[in-house]
Amino acid sequence: MMSLTPQEHAFLEKKIGRKPTPVELQIVAAEWSEHCSYKSSKKHLKLLPREGTRIISGPGYDSGVLDVGDGYVITVHIESHNHPSAVEPYGGAATGVGGVIRDILSTGTRPIAILDGLRFGDIEKDPHARWLFKNAVRGIADYGNCLGIPTVGGEIEFDKCFTNYALVGVAAIGFGKKDKLIKNRADKDDFVVLIGGSTGRDGIGGSQFASDKLESENRSAVQIPDPFIEKLVIEAILEARNQHCIKALKDLGGGGLSCAVSEIADVLSVGIEMDVARIHKRESSMSPTELMVSESQERMLVITDRQKLPILKKICEKFRVPYSVIGRIKEDRMMQVKVETNTIANLPNSVIANAPLLDRSSSKPKYLKKIEEIKKPNTPKVLTETLLRMLANPNIASKIWVYSQYDHEVGIRTVVKPGHDASVLRLDNGKFLSVKIDGNSKHCYINPRQGAMGCFEEACRNVVCTGATPIGMVDHLQFGNPEDPEIFWTFKESLEGISELAKYLEIPCVGGKVSFYNETNNGPIKPTPLIGVLGLIVKKPLYPQKVSKNDLLVIVGETKDELGGSEYYEYIHDIIGGNCPTVDMKSSKLNQQIVLDLINQDLVNSAHDCSKGGIGVAISELCITNNVGCVISIDKIPAKKFKPDVILFSETHSRYLLVIDPKNINKTKSILEQSNAPFAIIGKFSGTGIMFRNKAKTIANLSIDKALGKWLNSLELLVTHG
Amino acid sequence: MKVAVVVFPGSNCDRDMHYVFSDVFKLKTELVWHTDELPKNIDAIVLPGGFSYGDRLRAGVIAAHSPVISEIKKMAEKRMPILGVCNGFQILVEAGLLPGALLKNTSLTFMCKWTEIIVKNNKTPFTNKLKLNQRIPIAIANGEGRYYADKETLKLLKKNNQIVFTYAEEVNGASLDIAGICNKQRNVVGMMPHPERSAESIINPKNSKPASLIFESLLNTLGVA
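As given, the protein sequences belong to chains A and B, one line each in that order.
Quick note, the first sequence lines up with residues 1 to 722 if you use my numbering.
Quick note, the second sequence lines up with residues 723 to 947 if you use my numbering.
FYI, nobody ran anything at the bench for these hints, they're computed from the structure.
These figures come from a predicted structure and were not determined experimentally.
Hints may contain errors.
[Stated by the list, open to error] Stretches of chain B that chain A covers, calculated by requiring three or more beta carbons in the stretch to come under 8 Å of a beta carbon on chain A: (1) 775 to 786; (2) 830 to 838; (3) 911 to 919.
Just so you know, even glycine gets a beta-carbon here, dropped at the ideal spot from N, CA and C.
The shape of chain B in the complex, shown without the other chains (with noise of 0.2 Å):
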């Protein structure tokens, strides 16, 4: 079982999204340069934060049209879980992977807190192991992380139960307080709140148990845990 964590030029949570699969959760995991080829023998895809091609035209516009991103749309047409977590999203969005847009905060500064999350769809490969609505605290970090869809697309997101998390509180103006969504399919999650940084106790200042399920859920989906 092994997962890629997909480089871009300006990733910069690649290197805490490896360390968490690898060293707290003990997956194979392995960097993969966006140039790079998939390796053959991946069995799920994360798209790490991080500010891509330094987030210019838009955050995340130009990834998406990485060589890269073709092969991971083959992927997710084969039903391998995908995460595209903060400026994962924003690309997985931008690739037209998942529906909708990541606005400016309607602070409209960058924001960097610990917030809580709710479970709104506990049947993704990264939810699983979690209750639905249960909590989650976590870490947020981004500029441009107020999800954003017409009435149409909100009212398909309900109804094909598409999102994953919402926020607890009035966080950034985000439609529906999501934070989290995921395809028709389930297999392709985005979410703006970083896992990655909420899943051991020591840097969660809270509670760290709800947000490793995270990754747990993905273990319990490729069937090692």
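Chain A with its partners taken away, still in its complex shape (with noise of 0.2 Å):
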């Protein structure tokens, strides 16, 4: 079914000396196998700042934690079912979803919140990625709006690239009392046991997945969900927690059980004996290798004693939860499988979870030559539809459809609700947690660093117009084939620049996911790294105040000719090249405090960044969202002399908008002007109509009615009726 390279295939011999049976050569390949081993990745990795006076690190967790003070922590993890979600997007993503939050249950918290990365193909013109948008978000909704978790954010980005594919990256967020933390350690005769759904034949080669055939049958790799029975296993675990039932745990995802029982044991520095007849199965005919490596879901694996099992198994029964103890603990730091009593396996663990590491070769690939130069696009002299246009692309248009199928109240936390910047869920010690994901592959495209860097910068920003300090990141990065040398430079890139970012802003990351194979029919996909920000609000949030009548408009940060990658050039004029914007780290620094500041100051009524569709889109969602028009002068805009288009549709990083009660505007001013950092007022809420004017003339002028049909309701059409 799987398999290992022949270096791969000399490594275990030499190690074990002698050659491994077919059950442990399964068993080796699931756990070897680039998803589960980062074979390819692990050594680059080590570039992220991890440390952090937040951070709390305990062995073999899935998940990043981080003391939120009072003691509390909140735990966060980020996972992707991208090849699942291509083929069957329902299951996929649903699965997806299931499978971060049992990272997140696997640290002993209970999960509180979803966001989600999305990414498909042209839906405008291409039914079949409507088809995969429409069923993974349904996936998604089916499977949190069960769980009672809410989906309280995310983004998403359609784009040619992703043409036949999709990426459905999930993250969730944990909180949890500190003391309640597992802290995962085991005992000689120990009780290792296998709790939730049944092992069945779904999901087998997942981590490996090339639609293997499997025994004559076209089964599929993917896994199928059953959101009642995770909500069971979470509800389970937690009170097993509570009863003190649980010495270590670790939740089943890529590999099965071959890669949770060997990481355990590895982690823990213990062996693991277990015998496969006595796991409950959902067919009685599988094989011992099938059982090793299905990938079915809603599974966690409980390391007991003596002591605990009984209770353990009471609360299990208590919630209907199938269970089976299937091994115990020993001194050797083997990993013995048994079938009754016929061993099949019997490896150090230390061999199966430490696969051997690659050196990938990097070379810089040649397109990145070719897009540098670009013819610049005509510039009509009014802008007025090119900006409706601009508003009604399904990238920019709101996602109201999206996150209107997703529970976002459950928990009764979402004080910012999902549609702002970032969401903002209320804690139990009084604090505030603000998080967002983002991501920009046609950035990441034209400069894989800078695009890295600039989706870190944005989550930071977004972050911030909630009123938050970032505490934590986490990256997701999604590549193609790691063996193509021009991909793997464009990993390579967009992590140094993501550590470099992080190194500077001190914001340690506390989680990740390396992403590989992600190539569709025609070539690999746009390098898509996600990044997730946590920021704390210690005091209160900031809550998007309804901007009233003659409020006044400020931009923080400097407008650069940045168009590279934009939507501008993409949607409306086809031009994949140019600059594309880069993050001066310097004033992504002082812009994010210096908005902060004004924020717990109490001077700003609402915040909003710019990213996608520059100030043009901002602002005029500014606008809709609070049916208030605006008259802005394009020309007081901290910029070189341009032309309109590139003030108003560059995509340049570290700015900030900025809603202020004339009563405050002088004080604004002056912390502004003491702070060094590029301002201006550009404008004033009135009226019903957007105007956008350079000194006399008017450059764009659309009336807020018209602007919110198609903000609002383009996605909807597009996917109801396109």
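Take each chain as given, in its own frame, and dock them per the hints.
As structure tokens, then:
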């Protein structure tokens, strides 16, 4: 079913001093797959800064843990389920949610929020992309809603490079008491218990996913979702945690039991002896290998002792969660797999859990040279129609059709709801958590390093707009085949960029995931790193207040000629190339700080970041969502002398739009002046029209109603009638 | 005075409901697992929202056959205030404690949004502090929330003043825009919208006061307000 490369085969034989048995080979192949072992990326991931005063590290944690004070912690993790979602979007996306939720659960914290980052082809022209999009959204909704975990945010991008493909990245957040974190330890003779759904033939070889033929049946490697059993598993595990029944905990994900058992045993420096005959199965005829590598969902591995085992069983019975005691802890650091008394695999955990790492070669892609120079488009004198088209662009239009299908209120923590910059959740210690994920494959294609830094910067900006200070980040790096040196170069560049900015902004990386081999029939996807940022608010969040007539519009940050990879170039003019926005780290830090200062001094009514679609779109969004017009003088915007389309649509980073009450404007001005951050008062809210003026000339003029119609309804119309 | 919040496998608003009753409105509240007996000293019962039994077969239908339901039926006969919210409403309907049925929304999708409902009966244990025709900004989140009843039943509902809440706008295609109803005796109330998500100003983007009156009505009924 699965295979090792000849080099890996030789390495394995040398390590164990004999030929592996067929079952051993499958166990190792599952664990040594790129998905589980990170063999291509591991050496490079060391670049990311992982130290910080809030970071709590424990052995074997599958998610990052951050101390948020008063005895409470936040946990966070991000994963993707791209290949399955491209084949079966409903089940693939749903099980993507389930998998990352169990990572949060495995630290002993309750999952409190989900965010998702989705990528599909051109849904305007491609009905298959629409089908993938609709069903992935439904899969996430059905799973998350049933669990009662709110999906509070995310982002979506459509691009031709994802034709016949889908990226489904899911981030999850957990919350709990620090003293209830699972400590992960094990002693000789402790019991290994498999809890949750039955083990079936779904998801076999999922971690290697090559739709291998299986016993001549054409079964999919996509797992079958069952959110109801996941909900019961969550409640059973949390109750077992409360009753101190869990010494160590591990979720089952890619590679199934093979990976979960070997990894936990390796981390805890113990051995595990297990009997596959004891596993509760969906189909009685499953072979030992199938049982070891099945990726059936909704399963957790618990290590408990003799004294607590009866209590654990009782808890499972209360929730009617199936379980089986599959093994015992030994001292020999071996993973011994038996069928009743017959041993079928006996390998050192350290060998299984530590794949030989690779040094992939890298070289700068040739395409980058080609797209450096582009022919600049002619700018029409009036940009009204262009702006309207931009607002209807699926990458920019409101995603209300998506997030209204997600229960984003359950848990009664959601203070700032989806549809704003970042979402804010209240925590039990009176503080607030702000969360956002961002990605931009168009920027990353043109400049993998700056594009990736930009996604990170954008997520920071969004979190800052709610009044939060970034305290941690997660990165999800999605690329094509790493064996291609040009692709590997884009991976390294992105990673270096993210690491550089993380160090500069002192935001530690608390978790992440690498997903390679994202290839379509037409070649690799564009580099698509996805960055999640967590921010903490100690006092109160900036809840976007209704904009009133005569409020003033202030911009912080300089606008540069950076239309490369912009929605304006790609969507309006079909141009791929040019200068993509770069992150000036000094301005990034300064502008974040000054905006937070202004928010903390209660001078800001509402803050909004400029990203996709530039200032033109960002200001329109402010007007639309507040149902008030604005007259904007684009000549006042801090920038060199550029054409109006550059000013309106350039996607330069580190820019913020602030809505300021006239009575606060003088104080705001003086603080901004002292900070040396570029800023200007560029408009005043009133009336029912969004009017951009360049001195006396009107550059664009649209009515709120018309803009609202385009922005709010385009996506839904496209999906339901397109 | 004590409220029991009944928890079924798959309930997921139980903890929210418990928090609002106990921490916001300071009423003694106990979560009761569906196979346990109802505590002896309770004064009201709440069936919270969620996906009991994963909504298998039909929302609420399996939970409606839990052992605890027969006890709840006895309490209903004794005129104890009983509130079912969202999945809790679906369970009350499936258990025959309230008439009608809840069908898939006309949008055919799950919908989570803020809307307004209008008080049509302020003589129930959960609405007596509200004014007739008062508007309540409230959160809704459901896939099968479209109230349906045949003409005869609707006529009876009107005649007996059993319509408790209606939507102020077209939301899901419900018969007569019904958002909540009560039994003839008015002690059993079922509603699709979520008052527990709407009664605190920090999470209600509009106005939390009206929704908080749903809880204060119960306090009033129980004589603790």
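Hint check:
no.: 1; hint: 775 to 786; result: holds (count 4)
no.: 2; hint: 830 to 838; result: holds (count 5)
no.: 3; hint: 911 to 919; result: holds (count 3)
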